[in-house]
Amino acid sequence: MPVLTLRIIHDGLLAVVAPLGAALSVGTALVVDLDPAAPPLPGRRSVADVIAEGPTAHDLAPVRRGIAVLPSGGADPGSVEDLVEHLARGWPFVVMRVGATVGRATVVAPVFGAPVAADVLQPTGLGPVPSSVDGVVLPRLGPRTARAVASGRSTGGRWVRAWRSVWAVAS
Numbered sequence: 001m002p003v004l005t006l007r008i009i010h011d012g013l014l015a016v017v018a019p020l021g022a023a024l025s026v027g028t029a030l031v032v033d034l035d036p037a038a039p040p041l042p043g044r045r046s047v048a049d050v051i052a053e054g055p056t057a058h059d060l061a062p063v064r065r066g067i068a069v070l071p072s073g074g075a076d077p078g079s080v081e082d083l084v085e086h087l088a089r090g091w092p093f094v095v096m097r098v099g100a101t102v103g104r105a106t107v108v109a110p111v112f113g114a115p116v117a118a119d120v121l122q123p124t125g126l127g128p129v130p131s132s133v134d135g136v137v138l139p140r141l142g143p144r145t146a147r148a149v150a151s152g153r154s155t156g157g158r159w160v161r162a163w164r165s166v167w168a169v170a171s
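Going by the numbering used here, 49 is the number at position 49 of the sequence shown; the sequence numbering is gapless.
Derived by calculation from the structure, the hints in this document are not laboratory data. Worth double-checking, as some hints may not be accurate.
[Unchecked claim] Pair ranges (Cβ atoms, derived):
#1 A150 x R64: 34 to 40 Å
#2 E85 x V63: 17 to 23 Å
#3 H86 x A168: 23 to 29 Å
#4 P128 x L60: 43 to 49 Å
#5 G156 x V133: 21 to 27 Å
#6 G74 x P128: 38 to 44 Å
#7 R65 x A168: 20 to 26 Å
#8 P123 x L60: 36 to 42 Å
#9 R89 x T124: 34 to 40 Å
#10 R161 x R64: 20 to 26 Å
#11 G74 x S131: 41 to 47 Å
Beta carbons: idealized from backbone N, C-alpha and C, even for Gly.
Please take these sequences and the hints and turn them into a complete structure.
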């Protein structure tokens, strides 16, 4: 029941593909969106729905291999601590995308040339990656991989596999 909490800064595309890539890298995982200010993640039932109606068996544990996503639906991130604990008991891995108001998180940021303080750096090709990095540097994210990850398809590519090292550091 490892939980990886991600805060993605300065990049809308990365805010969508980073939590999905992290989930795809471990095979079966639940992505919980707690950042209502970020671009929406795909999904039918939202965190707000689960809070209002209560969790179903499908919410509490996987029914198949792969990833599931609970988009925010406007849920208050401060009111979901108990829900996340329940979800984490049934899912082998949980990825939470959080905003700036939530405390501790693994910070993911694109590299545009200027130094940035982050645990995970995503090269963009618009500037050099700093030579001394304390965190994980992901491989470049190509357009095919970005499309495949955004649609929830596992590419098994280098970029998705690189997220395993983020799990290892965060655990």
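Now for the hints, and whether the structure bears them out:
Checked against the hint of 34 to 40 Å, the C-beta distance between A150 and R64 comes to roughly 20 Å, which is inconsistent with it. Taking 17 to 23 Å as the suggested C-beta distance range, the pair E85 and V63 conforms, at roughly 20 Å. Judged by the Cβ atoms, the range 23 to 29 Å given for H86 and A168 holds: they are separated by roughly 25 Å. A hinted range of 43 to 49 Å holds for the C-beta pair P128 and L60, which are about 45 Å apart.
The beta-carbon spacing between G156 and V133, approximately 25 Å, falls within the hinted interval of 21 to 27 Å. In this structure the hint that G74 and P128 lie 38 to 44 Å apart at CB holds, the actual value being about 39 Å. Between R65 and A168 the beta carbon distance is about 21 Å. The supplied range of 20 to 26 Å therefore holds. A hinted range of 36 to 42 Å for the beta carbons of P123 and L60 is consistent with their spacing of about 37 Å.
Separated by about 37 Å at the C-beta atoms, R89 and T124 satisfy the suggested range of 34 to 40 Å. For R161 and R64, the hinted distance range of 20 to 26 Å is satisfied, since their beta carbons lie about 22 Å from each other. Look at G74 against S131: about 42 Å separates their beta carbons, and that is inside 41 to 47 Å.
Hint compliance for this structure: hint 1 alone is broken.
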